[in-house]
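A.B. asks: Read top to bottom, the protein sequences are chains A, B, C and D. Residues in the first sequence are numbered from 1111 upward in steps of one, following my numbering. Residues in the second sequence are numbered from 1111 upward in steps of one, following my numbering. Residues in the third sequence are numbered from 1111 upward in steps of one, following my numbering. Residues in the fourth sequence are numbered from 1111 upward in steps of one, following my numbering.
Note that these hints are calculated values from the structure, not bench results. There may be inaccurate statements among the hints.
Since the list gives no way to pick one copy over another, a pair counts as held whenever it fits inside one copy or between any two copies.
DSSO-like cross-link-like pairs, simulated, lysine-lysine; straight-line CA separation at most 30 Å [what the hints assert, rightly or not]:
1) K1112 x K1260
2) K1187 x K1408
3) K1408 x K1373
4) K1360 x K1112
5) K1408 x K1314
6) K1112 x K1131
7) K1187 x K1314
8) K1270 x K1404
9) K1407 x K1112
10) K1260 x K1270
11) K1148 x K1407
12) K1131 x K1270
13) K1260 x K1404
14) K1360 x K1408
15) K1408 x K1112
One letter stands for each residue in the lines below.
Number of protein chains: 4
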Amino acid sequence: MKIGFIGLGHMGNPMARNLLKHGHTLKVFDVVPDLVRKLTELGCEVASSPAACAQGVELVVTMLPSSPHVRSVYTGKDSGKDSGILSGVSPGVLLIDSSTIDPHTARDVAMDARAHGNNMVDAPVSGGTGGAEAGTLTFMVGGDSADFEKAKPILQCMGKNIVHCGGAGNGQVAKICNNMMLAIEMIATAEGMALAVTLGMDPKVFAGIANTSSGRCWSSDTYNPFPGVLENVPASRGYTGGFGADLMLKDLTLVTEAAKAAKQPVMLGAAAQQLYQMHSTMGHGALDFSSIIKLYKKD
Amino acid sequence: MKIGFIGLGHMGNPMARNLLKHGHTLKVFDVVPDLVRKLTELGCEVASSPAACAQGVELVVTMLPSSPHVRSVYTGKDSGKDSGILSGVSPGVLLIDSSTIDPHTARDVAMDARAHGNNMVDAPVSGGTGGAEAGTLTFMVGGDSADFEKAKPILQCMGKNIVHCGGAGNGQVAKICNNMMLAIEMIATAEGMALAVTLGMDPKVFAGIANTSSGRCWSSDTYNPFPGVLENVPASRGYTGGFGADLMLKDLTLVTEAAKAAKQPVMLGAAAQQLYQMHSTMGHGALDFSSIIKLYKKD
Amino acid sequence: MKIGFIGLGHMGNPMARNLLKHGHTLKVFDVVPDLVRKLTELGCEVASSPAACAQGVELVVTMLPSSPHVRSVYTGKDSGKDSGILSGVSPGVLLIDSSTIDPHTARDVAMDARAHGNNMVDAPVSGGTGGAEAGTLTFMVGGDSADFEKAKPILQCMGKNIVHCGGAGNGQVAKICNNMMLAIEMIATAEGMALAVTLGMDPKVFAGIANTSSGRCWSSDTYNPFPGVLENVPASRGYTGGFGADLMLKDLTLVTEAAKAAKQPVMLGAAAQQLYQMHSTMGHGALDFSSIIKLYKKD
Amino acid sequence: MKIGFIGLGHMGNPMARNLLKHGHTLKVFDVVPDLVRKLTELGCEVASSPAACAQGVELVVTMLPSSPHVRSVYTGKDSGKDSGILSGVSPGVLLIDSSTIDPHTARDVAMDARAHGNNMVDAPVSGGTGGAEAGTLTFMVGGDSADFEKAKPILQCMGKNIVHCGGAGNGQVAKICNNMMLAIEMIATAEGMALAVTLGMDPKVFAGIANTSSGRCWSSDTYNPFPGVLENVPASRGYTGGFGADLMLKDLTLVTEAAKAAKQPVMLGAAAQQLYQMHSTMGHGALDFSSIIKLYKKD
């Protein structure tokens, strides 16, 4: 299938390469020439604008850093004339946006697309650059069932777990609500581990108990933030690799703003956002997000 | 074995009966005559004080509501003369305290016992009255390895999972640190579920995604607080049964005071304690602790 | 002076009337016909768009509900053609925006105005509808000194306290940072009063002590939230009148989003935003903001 | 008047000296010989126990570090025999405790004293060592009116502001509730100042505005935490001198425990306790409590 692919950064690059591996043909666009070059070396066609990238393709995939980028790439102007995907794409072509953005913007852009005759699904991912390279990402997909079914074989070239979350925007809702739970549970684990050790327990013994009890969570049994409890996690290699604290902060900012707009209290979510903000202000934003335990224990 | 058993409430009663079932002989004590009567009907010998209850037995088990009770039952006076266990028990007899109390008191009393010639383990439980009746409690045991091995066959009459947590007091540490994680994760789940639904998702679909992702925890996959997501949990029967919100509040109060005494920050633990306090003040203390979601959604 | 005035709601109406009283001539615009009618009855000229309202006047004043309104009124389009103030106003005319919005938008719009040849000051107010009617508002003004001096005599027709806060956007910064402090201090007072009374003190006696000690603040000595402590405050008339809890929630939402964008932690500010959100969710948003004490005491 | 004085540390020493200056005769006790020596050099009689110190005096004043000390000094035993004040003092002698402790203990000890025939008032102070030396302390007094009137002339030798707060324990309630408000307001000021400056305002200009608006509080207008805003405050001399952050942490710990015992939510009070705990863990406990702003701004 001929696919337009826009956004060729750390995530977009390996995702595009996995589409190539499965025999698809790509036309690509990015504002950074170096990122484009890596794909042209693999034989991809280059477009000069999102509109051009969407012209003559059978499907469009986008992977962008934030809500304003998504708006601009789909409906933006350049020097006064329309340059966005919607001004170039043929009606009927399915649009897949894999960016993590706020659900409100996702729904807005999907409505604009619909008005233009194009169906759109939001399909944010989890799994990080490792999952993108291995083709094992999870895609959380919001959109009509028929569109989900159409998107699925394409997404399966890049991921392993393709989940339908309901209508437009629900992929984003699933992603940010899950990540809010994750952030709070990581801090819960950090506080529990640090306190148990301060009160005299061995960290592995305590983790073993919590992980077979009601306190267990992914952050304690799979990604424990206390150094030495698990092998092959960021906590056991100086919090390098993994999912950056500043990326978690970005998701927490998204989710707390979505909660505010929806008038929905999220007391611990808001506190978690503040704790990651403090952690980042102290200079730890580039470390894995499990490094939040540094707020609670001396090194 | 002849065992002295003190504290015959909702938890102590079924625990004592399970010891009887396994062929042990009991001498019992409680300040509430009605609670004592239920055991005498089963043939237990009655004692008039903790000291008397501990006289002539081979092992002592206590199950009491709070730290001051434990102190008083082990080392207290009545009308000016010593009436506690330590004034009646023979040196060498092992003492097992299954109360949930603060680790500091647990260690203090264990030291008093040691000075008197008795080894002691703290062995708080999880599993609730259901587990107590079924004999499937988890015991988190703090004390020397030799004492743990001696206590184990007795605890196995009342529970299924007997875990050694390290030295004296560590059973309490494991219990309260696990429950702090549990409380925070329950609130994380409540906030995540409520927000996902407010933003337009089906609660079962969202729970399904979180439970196979990094947001999963016991509170989401085994005890989900959103009505209708799981069968046979308190959320699906009006938050009746289960583990009461006021009991969680009691444990959170214990753990945050232990953290204060240890100068250990527990930011979300303190916020969780306050949220359960608010919930209780609003009149929901008798409901299951998953009812905390009422702070976040309209009924 | 001939002034264009846009935004004729609860605040804008009395502000416009005070300008009339001081002999100024007004041309007015609002999207709600009923609000416009009240001013035409007083002899004001009516305009059909913001652009038209700004044409041929010597100064423009706007009083709008939120950031998107401000952007749209200054730079918006209607049916594809420019209809905002900047497309109608003559270069050199001073623009005064009295809306409470985020500082970032305030600075953005001021830059757009500058590019068009118009200087602009942001001049949000405090003092509520009472102050607007009495002409005793405080104006916090951000902009160049020369523009501040030009705006001052006009603002003095509507207010008593005209404060220069520095460059563009600083009026907004002063307003929202002050209101964040106010919200936190109001909750501090509510918690202190409620706890002192629960612990056995008379509320007036405790307030008297705090107000002459280091705990004193405007919320305790001038606007006490405990019923019966002060006369003529909302707490002593069922929390009617005053500054609505939902308006405080709006300002807290603005300030916490500005803090997020600036990567500045505001731990208690974020907690205050959540508490006002909870209070609003419970149905108390229309009451005065001192009613937040309802979270802490039984009625 | 012949007065027994117990507790001769940083606060007790200058308080005792001020009593001497006003012509009173002192019999003193402290467990630290060096502290006692400083008073014997001034001609005070020395006692060998609290009981001995209270024998033959007309009034007793105590100034101790914590609740357990107060219990022990009033009702304790030494080597198995009663050594506390109540075992030595004559019935009818008034007892004044100026320690800052929890209201519950204060009321308990006052009841013990009453049973022994002695009236007691709790009279914690504010004003620090500076106020103790200058004789300008504020005393917050809990007890009967008649006892308050009897205590007043004595307290006026050591302080300037003598306030009756109601019955036994209310002095403590006033002290800790005021200090909880103070701590929250200090953090409110720190967050407001730091955010206003990050968003582009001059710190003095913003403080000037807040201090004449609804955000004003003692922490902003008299003890501003931002360096350079006020002269002669700890913020302008590297946070030396003043009221130590660890002393504020101690008071916050007292007040949040009193709130827990009373089942009274104090959401921001609990958050403030945690923030001071974090600040202390980072090594800043010895600085003035306004240094909490270090959590919010780079040095």
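A.B. asks: Run every hint past the structure and note whether it holds.
C.D. replies: Checked hints:
1. K1112 x K1260: within (14 Å within a copy, 62 Å between copies)
2. K1187 x K1408: neither (51 Å within a copy, 40 Å between copies)
3. K1408 x K1373: Between copies only: 12 Å across chains, 38 Å inside a chain, cut-off 30 Å.
4. K1360 x K1112: Answer is neither; intra-copy 33 Å and inter-copy 47 Å both fail.
5. K1408 x K1314: within (18 Å within a copy, 36 Å between copies)
6. K1112 x K1131: within (13 Å within a copy, 69 Å between copies)
7. K1187 x K1314: neither (56 Å within a copy, 41 Å between copies)
8. K1270 x K1404: neither (34 Å within a copy, 36 Å between copies)
9. K1407 x K1112: neither (52 Å within a copy, 46 Å between copies)
10. K1260 x K1270: within (16 Å within a copy, 50 Å between copies)
11. K1148 x K1407: neither (43 Å within a copy, 41 Å between copies)
12. K1131 x K1270: within (15 Å within a copy, 52 Å between copies)
13. K1260 x K1404: neither (45 Å within a copy, 39 Å between copies)
14. K1360 x K1408: This pair counts as both: shortest intra-copy Cα distance 26 Å, inter-copy 21 Å.
15. K1408 x K1112: For K1408 and K1112, neither the intra-copy (54 Å) nor the inter-copy (48 Å) Cα distance is at most 30 Å.
Of the numbered hints given earlier, the model fails hints 2, 4, 7, 8, 9, 11, 13 and 15; all others are met.
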